[in-house]
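Number of protein chains: 2
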Amino acid sequence: MRYYPKPAENLDLREINRAIEEAFAEHGRDNVQMPPKNYVFFKKGDFRTMPGYIPSLDIAGVKVVNVHPENREKDLPTVMAVIVIINPETGYPEAVLNGTKLTDLRTAAAGAVAAKYLSPSKKVSIGVFGSGRQAQTQVAATALELEVDEIRVWSRNQVHAEALCKQFPDYECHPAAPEEICECELIITATPSRVPIVESEWISKGTHINAIGADAPGKEELDPAILNRATVVVDDPRQAVHSGEINVPIEKGLFSEGAIAGTLGEYVLGRKKRRTPDEITVFDSTGLAIQDLAISKIAMEKGEWIGLEFL
Amino acid sequence: MRYYPKPAENLDLREINRAIEEAFAEHGRDNVQMPPKNYVFFKKGDFRTMPGYIPSLDIAGVKVVNVHPENREKDLPTVMAVIVIINPETGYPEAVLNGTKLTDLRTAAAGAVAAKYLSPSKKVSIGVFGSGRQAQTQVAATALELEVDEIRVWSRNQVHAEALCKQFPDYECHPAAPEEICECELIITATPSRVPIVESEWISKGTHINAIGADAPGKEELDPAILNRATVVVDDPRQAVHSGEINVPIEKGLFSEGAIAGTLGEYVLGRKKRRTPDEITVFDSTGLAIQDLAISKIAMEKGEWIGLEFL
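So the protein lines, in turn, are chains L and R. If you read the first sequence in numbering that gives the first Met the number 0, its first letter stands for residue 0, the second for the next number, and so on. If you read the second sequence in numbering that gives the first Met the number 0, its first letter stands for residue 0, the second for the next number, and so on.
Treat the hints as calculated values from the structure; they're not laboratory data. There could be a bad hint or two in this list.
Which copy is meant is left open, so a pair is good if it fits within one copy or across any two.
Stated by the list, open to error - List of simulated lysine-lysine pairs, DSS-like, C-alpha gap at most 30 Å:
1. 42 x 296
2. 165 x 100
3. 301 x 5
4. 165 x 42
5. 73 x 115
6. 251 x 301
7. 121 x 73
8. 165 x 271
9. 121 x 5
10. 43 x 296
11. 301 x 271
12. 251 x 296
13. 121 x 43
14. 115 x 43
15. 272 x 43
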């Protein structure tokens, strides 16, 4: 059994985007296994168990990932992940990977792939709600898929917004008010919000929104009225209904599962397409086990590992 | 993060029985979290993901375990397991344990606890169907809970039955025909069978059966007529219906979920009891994540570990 302590180092973001795109294509072809994500709840957080199998990549395994919002006070990451890789032929546990940074990267890659297929144009301005690790990684991954002429960042703390911009010195990047963020062709929401922070009246026709932050029951970032104006694309319907951007609106009867336009996999395969320049599109990202497996495949090819006695 | 390569060494079987008994008591009190076991299927086997949390023991985590019957040809175990332990307070992945032998031990302990509460008498003869690792471990764990005056072993291969007996030199132990096995007060079925191997007419009143082998859809060891004569106790109703001894009879309409008499936890707590000397009782064991966590707790206190860089 191999242990990969830092498998996210030296990975190529373009290669990750392609691997995640292929994972979504296989999902669209219904060529993967992915039992429902399970949740265990603690007083101060939870952990999720995400098993999966991509036969065409010959990779299977499970990610175990926590969310403990109060960890920042303890100098620990809010989210930490371990990935266990199982050999499909024998069931032997081939590897354990530190999955924390891989989780960031594969989530960003899903946003990048969604932007590639759903963006209203190849050249965009990007507006970001949030200034954390995920906001930064989303912009970096998406900038490899589209030509970016401007980046605007909103954060509750302007210093954080400015710090995020400093990480993109090659772009015109500046903090902005929420309404100004929403003038961009591509909007990314990457906050831990539990109440909508994006108003429907701020959103013009022809906008694409990557809704990244909502990944558990009770979380949402968008005014539900936006969903009803938009073509809503999900990573996986079952997960999105349970814990994605649409979970609260569905719970409240403000959106219906039947209104989901399709999965990202269907768009990657070209079975569905953005129809008009005026269309508002939303990608609801919850994070799939197959993304973790696809990025683990790359990470295991390149990463340094130590051998662990197992049998 | 700690890695325990051989956490099953030097464990005390009595202490394991008590830890598993306490886990079932907490299950009976509804003081645990245990999302459904998930299955991922391969051409030659499967793997299962088993998350759980026992707040009173302050232990949480996930077992990942495969079943690949053809592994014997490759000199690999059929079943291999990895357990990831998550700190409830922070979500930090505290440990990864080699869970293969722990799985054997905690399964045997469940049988021992069931025998303690459901056996018709404190002094018993034990009849065993099967001669593998699990058959051996079941007898060893149960012999700590009851006085054993004789052991009878049936195996398709008599040499294997004799080999099992050699592991119990302090007992009168001998190979026997299936009908003779069924004359024992306590019967243990620990085979990989997919068709019933124990006939109803062989089973007399006042017998207890630990049905251990059936742990996946399609597997069964007992003539369903036995279940209809018996008080059927399960480890967990949801898992038993899906993959325990009762799964095939339920699928065929020969047994109903409503006929389950209770859970082992209820018997451990004394909320339910064996009622008459004539009662036939069956314990349907599927294996619970909380058993893995309870034994991991002990193993982590005593086992040798190596430190793995994680953050």
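Cross-check of the supplied hints:
| no. | hint | in the structure |
| --- | --- | --- |
| 1 | 42 x 296 | between (34 Å within a copy, 20 Å between copies) |
| 2 | 165 x 100 | within (21 Å within a copy, 52 Å between copies) |
| 3 | 301 x 5 | both (11 Å within a copy, 29 Å between copies) |
| 4 | 165 x 42 | neither (37 Å within a copy, 50 Å between copies) |
| 5 | 73 x 115 | neither (38 Å within a copy, 45 Å between copies) |
| 6 | 251 x 301 | neither (46 Å within a copy, 50 Å between copies) |
| 7 | 121 x 73 | neither (42 Å within a copy, 52 Å between copies) |
| 8 | 165 x 271 | neither (37 Å within a copy, 66 Å between copies) |
| 9 | 121 x 5 | neither (34 Å within a copy, 55 Å between copies) |
| 10 | 43 x 296 | between (32 Å within a copy, 21 Å between copies) |
| 11 | 301 x 271 | neither (34 Å within a copy, 57 Å between copies) |
| 12 | 251 x 296 | neither (39 Å within a copy, 42 Å between copies) |
| 13 | 121 x 43 | neither (42 Å within a copy, 45 Å between copies) |
| 14 | 115 x 43 | neither (37 Å within a copy, 38 Å between copies) |
| 15 | 272 x 43 | neither (41 Å within a copy, 38 Å between copies) |
Checked against the numbered hints above, the structure breaks hints 4, 5, 6, 7, 8, 9, 11, 12, 13, 14, 15 and satisfies the rest.
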